[in-house]
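Engineer: Sequence:
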Amino acid sequence: MFGKHHKIPFKKIIHMNSVYLKFLQFISLDELHQHKQEEISHTAIFLLNEIALKDFEKTPLTVMQAMNLKTLGSPSNLHHKLNELREAGMIEVTSVGTYRRTKYIFITQAAKEYFQFKSEAMLKAVK
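Counting with numbering that gives the first Met the number 0, you get residues 0 to 126 for the letters of the sequence shown.
Bear in mind the hints are in silico, worked out from the structure with no lab data behind them. Where a beta carbon is used, it is the ideal one built from N, C-alpha and C, also for glycine.
Listed below are the simulated EDC-like cross-link pairs for lysine to aspartate or glutamate, each with C-alpha atoms no more than 16 Å apart in a straight line:
(1) LYS111 <-> GLU49
(2) LYS117 <-> ASP29
(3) LYS102 <-> GLU91
(4) LYS111 <-> GLU91
(5) LYS21 <-> GLU119
(6) LYS102 <-> ASP54
(7) LYS69 <-> GLU49
(8) LYS123 <-> ASP29
(9) LYS53 <-> GLU91
(10) LYS111 <-> ASP54
(11) LYS111 <-> GLU56
Have a look at the derived ranges for each label pair, beta carbon to beta carbon:
(12) LYS57 <-> GLU119: 22 to 28 Å
(13) GLN64 <-> ILE44: 14 to 20 Å
(14) LYS123 <-> GLY88: 22 to 28 Å
(15) ARG99 <-> SER75: 21 to 27 Å
Let the hints inform the model, and build the full structure from the sequences given.
Structural biologist: Shown next as structure tokens:
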């Protein structure tokens, strides 16, 4: 499927593969990162990625929108994952403006540091 739609030379594919594997190697060597990975479930990490992307795009997700990300799980499961991320200090849920019923999800400084670490590992892998 991948090769059918994208005409990437074989040598370049090998190089990109090794960059990604180097990236995985860098992040696996960091104890703090490994502790976060063990503390937070894989589904919660995928949810955190979605939340961070929307935060980066300046269009934060609401709790209801996050719970409706059906590709990640049921609303009930996603609600548990939001709590997991909140307890891990990776997100905060807050109202914006005077309308208090809608709760928006923002990443915390801890999450920003988590993504900064991953960004630095990606840059190291490319070198």
